[in-house]
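J.: One letter stands for each residue in the lines below.
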Amino acid sequence: MSGESLIGKDIPRIDSTDKALGRAKYTTDMVLPGMLYAKVVRSPYPHAKILSIDTSAAERLPGVKAVVTGIKDTPRGAVFGIIPHTTDHVLLPYEKVRYVGEEVAAVAAISEDIAEEAVDLIKVEYEQLPYVLHAEDAVKEGAPLVHDHRKGNLAARYLVDEGNIEEALKNSDYVWEKTFTCDVASHGLPEPFTVIASYEPSGKFNLWLQTQCPFQTRQGLGNTLKVAPSDIRIHSLAMGGAHGGRSDTPPGAFIACLLSRKAGRPVQVKMTREEVEDCMRDKAAKVWNIKVGFKKDGTITGRDIRIFLECGAYASSAIVELWVPLLIDEVLWRAPNYRYLADLIYTNKTISSMMRTRAHVGPMSMDVCFDQVSEVLGIDPIELRLKNAVLPNEVVPSKSVVTSTGLSESIVMAADKSGLREKKGNMGPNRGIGIGSGNMQSMFYMGFRSGSTSFIKFNDDGSCTVFTGNCDLGQGNQTMFLQIASEEIGIEMKDIKLCYGDTELCYQDPGNYSMSATVVSANAVKKAAQDAKRHLLEIAGDILDVSADEVEMRGKEFFVKRRIGKGRGVKIGEVCRTAFKRGKPIFGFGDYRARIDYSDFGIDIKEPYNEKTYGQKVTAYSFGTTTVELEVDPGTGRIKVERIVAVNDCGTVLNPLLVKGNMQGHINFMLGQGLMERNVWDPKTGRKLTSTFRTYKVPTANETPDIDIHFLGIPDPDGPYGAKEGSLGFGCGLHGAISNAIHDATGVWVYDVPITPDKMLQLLEENRKK
Amino acid sequence: MTYYRRVPEFDYLAPKSIGEVFSLLGRYKGDATLFAGGTIALHQMKERIGARPYVIGLKGVSGLDALAVGKDGVLTVGAMVLLQRIADSAEVQGGWPLLATVCRLLGTPQIRNMGTIGGNVAIRFSTAETLPALIALRAQVRIAAAGGETVVPVENLYREMKSDNLLTEFLLPALPKGVRMGYRKFAVREHFDYATVGAAVVLDMDDGKTCKDITIGLGGVTLPTMRAKGAEEIMKGRTVTDDIIAKAAEAAAEGGHMGSDVMFSAGYKSKVLKTMVERAIKEAVSD
Ligand SMILES: Cc1cc2nc3c(=O)[nH]c(=O)nc-3n(C[C@H](O)[C@H](O)[C@H](O)COP(=O)(O)OP(=O)(O)OC[C@H]3O[C@@H](n4cnc5c(N)ncnc54)[C@H](O)[C@@H]3O)c2cc1C
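Chains G and S, in that order, give the protein sequences. So the first sequence is numbered by numbering that gives the first Met the number 0: it starts at 0 and just counts up by one. So the second sequence is numbered by numbering that gives the first Met the number 0: it starts at 0 and just counts up by one.
No lab work stands behind these hints, which were simulated from the structure alone. Since the model is a prediction, treat every value here as computed from it, not as a measurement. Hints should not be assumed to be uniformly reliable.
What the hints assert, rightly or not - Just a sample of chain S residues kept apart from chain G, beta carbon distances all over 12 Å, derived: (1) Val6; (2) Asn112; (3) Val187.
Claimed, not checked - Which stretches of chain G does chain S cover? Using the computed rule of at least three CB atoms under 8 Å from a CB of chain S, they are: (4) 128 to 135; (5) 427 to 439; (6) 689 to 701.
To be verified - Facing chain S, a subset of chain G residues (Cβ under 10 Å, in silico): (7) Thr271; (8) Glu549; (9) Tyr613.
Glycine is no exception: its CB is placed at the ideal position from the N, C-alpha and C atoms.
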């Protein structure tokens with residue numbers, strides 16, 4: 000390696016100029032020759048039997064090239080679900096619809112206008128069924144069943160039970176108990192869902208769509224279309240947001256494939272804002288009951304978590320909601336006795352699924368707990384946290400080892416940098432400060448997909464292309480992969496091209512799922528780059544007539560180490576051309592398998608219940624702590640966050656510029672969900688009333704507070720150069736920090752998110768009455 | 000229920016004069032709609048709200064974009080004047096700062112550079128943010144109809160304006176020297192958001208203590224209750240104290256009618272309206 004190391008340098012994203020100038024190409028921008036435009040007929044009812052569909056008038060409309068319905072076109076028995084237990088989602092249903100907006104039929108026509116007209120000509124006969132919108136109603140005796148065979152609307156249950164929690168709580172000096180709740184949240188993705196499917200007569204489907212994980216999407220489509228995954232090719236383009244909301248196999252992609260095959264032409268499905276909000280995915284509402292036992296000295300004796308999550312209409316991928324909160328909750332705070340029992344409850348609503356902040360009530364509950372219990376036990380709240388914070392190499396209840404953590408350091412630093420101790424209680428009327436910690440997993444168990452393979456091919460001029468099955472949601476993965484390849488090979492980033500997220504050209508990769516891009520995909524790229532470098536040195540050594548380990552690269556040239564500055568070198572282009580002549584072009588291969596020895600997530604069984612689910616579930620955990628300073632308006636209840644100190648334990652910081660950008664985005668995301676984003680359903684129709692940005696308020700750049708970012712820089716043993724997930728974990732405690740800051744400001748405790756102004760005002764009024 | 004709403008097909012008509020506007024409205028009776036900046040009109044076409052096959056663009060109509068103070072001190076604001084132009088105008092900032100402030104805080108730069116004051120008022124939404132300010136400033140509006148025109152106080156617009164009427168201009172009387180103003184809006188986001196409720200206040204005080212005259216315009220309430228007359232009466236002639244301000248705010252909130260919406264209950268909005276009125280009056284007092 001010649002020159003300075005790139006690791007830890009501020010490197011601008013390679014795609015930012017194009018994006019800022021509007022030049023980046025998104026799926027929405029793409030047009031293929033002969034492309035047809037599709038529109039989807041959607042259910043107006045939250046729960047109904049599909050009796051019949053009459054498409055004849057639509058088919059007769061000039062310009063209409065294909066019509067599909069679930070009844071006629073969905074392959075029977077082809078059901079989507081990410082694990083066997085939850086394969087409950089027919090992507091274009093033929094028997095029943097289970098939420099308002101569910102797909103029933105679709106048309107492809109030569110223009111969007113004709114497609115719209117045709118949609119209105121399709122007559123669907125339904126038999127309406129009773130429906131249920133909220134988990135607390137869905138579990139009641141006699142509630143309508145969303146899926147007939149799932150009694151009590153219980154989609155799945157997950158249990159980790161370690162030690163003896165009942166005994167532990169009984170023998171505790173103090174038991175703290177509370178219920179926290181959070182509403183359904185939306186991803187609020189700026190770029191509406193768009194897919195283009197192009198079917199070739201050979202039987203191959205080409206797809207362009209926004210997906211976080213091309214290979215999972217390919218698998219899901221293969222399963223539901225009943226074709227071999229190798230007959231599907233997914234292409235990745237620039238993406239207008241993801242946040243977990245693009246990690247499913249979307250019905251729109253399935254429908255585009257059916258239509259394209261039928262019409263023999265490429266078909267685009269592009270959703271409106273209302274379709275995106277109603278018919279893509281949401282984050283589950285949660286009820287989080289928690290009991291924590293303490294000894295007098297502040298040591299936690301046990302934690303008992305009982306949660307209910309709203310699944311929406313299908314558990315297909317909502318199942319993730321069940322176990323991911325565990326990956327956060329069991330890790331942060333030590334608990335010798337621990338029980339986590341979670342129920343996923345079907346409702347007739349938009350399907351729940353992955354979202355970057357899905358676990359936030361868990362960390363929030365514990366930060367409120369520490370602040371409250373510190374008063375009861377007379378222990379400093381920071382000391383109380385430090386006493387219970389997980390330490391490196393500790394084993395968590397379900398038996399994962401936490402190989403690196405700076406949780407304690409982050410708490411201490413956030414408290415110091417924010418002046419928490421001095422400010423708390425002294426910020427003046429209606430102003431307050433609070434602290435909260437969070438964490439996030441890097442790569443959880445995904446079977447044979449818990450690994451990534453990358454390769455690099457060199458051109459005859461000494462430039463190269465890196466291939467990875469991973470893609471870029473806008474968090475900067477492309478830049479990271481090129482940075483790492485450049486670091487290892489020793490040629491500049493501009494001489495390296497990237498081919499990403501193409502399932503035909505690239506190897507299997509978990510995608511941007513479970514925060515695996517840095518720890519898994521980048522590790523594979525690193526290994527591939529090291530392998531390519533080895534080949535370069537070998538050939539250069541041959542040319543220079545020395546062994547590879549006597550060769551060193553300087554700029555774009557290779558020299559014999561002991562003769563640097565004296566003899567002539569050999570240029571990288573010549574090395575590459577020599578390799579070609581020998582019939583063995585320069586190539587690098589790298590594979591990284593996540594350090595996970597966990598073979599069964601415990602839900603792949605017939606019963607929705609599993610008792611013991613032990614083992615290393617996750618490769619690395621990132622941590623961090625934030626403090627929030629805010630002001631509560633006593634006349635409106637509105638909360639204005641003024642300042643945030645964020646300490647990030649994301650291992651080695653590969654590219655601070657990029658990580659800081661991600662952190663700012665995450666803070667805004669959390670503030671939106673914490674303070675303003677609220678979904679509302681009409682009980683009379685079952686329809687979501689917050690399907691536009693007029694009613695579903697998301698923060699804009701204007702809401703960004705003053706943010707002060709710090710890194711701990713404690714390397715992780717597995718991540719590339721010691722890096723691990725860097726955008727989410729640090730901020731997952733933000734809602735706890737907000738809640739504690741509100742208490743500092745007003746004396747009111749908040750147990751429910753989002754803390755919208757009306758809720759806050761009501762709490763203030765109730766408090767005044769007391 | 001429909002998820003699709005592409006803009007329906009329409010013919011765009013571009014009259015040059017107010018007379019032509021009415022001859023087009025006459026020719027396409029009931030089939031033509033007016034189009035100013037289009038920020039809402041386009042959306043309404045997509046939603047099929049009053050969508051008609053002919054769209055009459057007002058951009059080329061002369062005589063609709065004056066922004067000038069006359070010899071009598073009256074400010075004329077043409078219906079087609081862009082919101083941003085009002086916010087930036089030194090004359091408006093100097094003599095009618097309340098209106099400049101309202102326009103500056105409204106929407107986004109894009110909306111303010113496309114949206115017109117006429118369009119803002121003409122939609123007659125309870126959320127149209129220039130309305131409370133125009134009411135508090137006792138503005139008059141010139142309404143043109145096929146048979147002639149009338150000038151009415153903006154607060155009566157909801158009664159006087161008929162469909163196929165054209166708002167041509169607003170007339171803002173010169174304000175007495177030393178008059179004070181206050182404006183408060185409440186929205187979930189501080190910027191780039193519609194006011195859920197708001198209050199605009201123009202206050203004239205004797206010797207800095209007594210309320211000689213006051214007008215209070217309310218935002219977020221139904222149009223006939225946009226002027227808080229009851230609250231004004233409580234204030235008039237009285238020494239201005241925190242207590243009297245609170246009473247006036249209470250009365251304003253009681254008098255302003257509003258419904259619950261997707262985000263907030265009527266009860267909550269009423270409480271916040273009271274806060275806004277109270278703060279707007281206090282701001283005016285210390286102006
Ligand atoms: C993203 C967004 C944010 C917004 N934020 C705000 C906000 O914060 N506060 C707020 O008050 N508004 C807001 N608006 C609403 C709107 O854009 C403004 O009120 C704007 O001033 C409307 O003016 P326009 O010229 O675009 O009207 P248009 O859309 O052209 O017309 C609106 C209606 O008025 C009629 N009309 C227009 N001009 C006349 C006239 N001279 N005589 C008779 N009828 C007429 C049209 O037929 C139409 O029905 C927002 C809109 C959008 C899209």
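J.: Taking a Cβ-Cβ distance under 8 Å as contact, does the segment 128 to 135 of chain G have three or more residues in contact with chain S?
T.: violated (count 0)
J.: Beyond 12 Å from every Cβ of chain G: is that where the Cβ of Asn112 of chain S lies?
T.: 17 Å, holds
J.: Can you confirm whether chain S covers the segment 689 to 701 of chain G, using C-beta to C-beta distances below 8 Å and requiring at least three such residues?
T.: holds (count 7)
J.: At least three residues with a C-beta closer than 8 Å to a C-beta of chain S: is that true for the segment 427 to 439 of chain G?
T.: Our answer is that it is violated, as 0 residues pass the Cβ test (under 8 Å) against chain S, missing three.
J.: For Val187 of chain S, which was marked as not at the interface, is the minimum beta-carbon distance to chain G over 12 Å?
T.: 5 Å, violated
J.: If you take the shortest Cβ to Cβ gap from Glu549 of chain G to chain S, is it below 10 Å?
T.: Given a least distance of 63 Å, the restraint on Glu549 of chain G is violated.
J.: Is the interface hint for Tyr613 of chain G satisfied, with its Cβ closer than 10 Å to some Cβ of chain S?
T.: 45 Å, violated
J.: Given Thr271 of chain G as an interface hint, is its Cβ closer than 10 Å to any Cβ of chain S?
T.: OK, holds: Thr271 of chain G within 10 Å of chain S, min 6 Å.
J.: May I ask you to check that Val6 of chain S keeps its beta-carbon over 12 Å from the closest beta-carbon of chain G?
T.: Violated, because the least Cβ-Cβ distance between Val6 of chain S and chain G comes to about 10 Å, which does not exceed 12 Å.
When each numbered hint is compared with the structure, violations occur for hints 1, 3, 4, 5, 8, 9.
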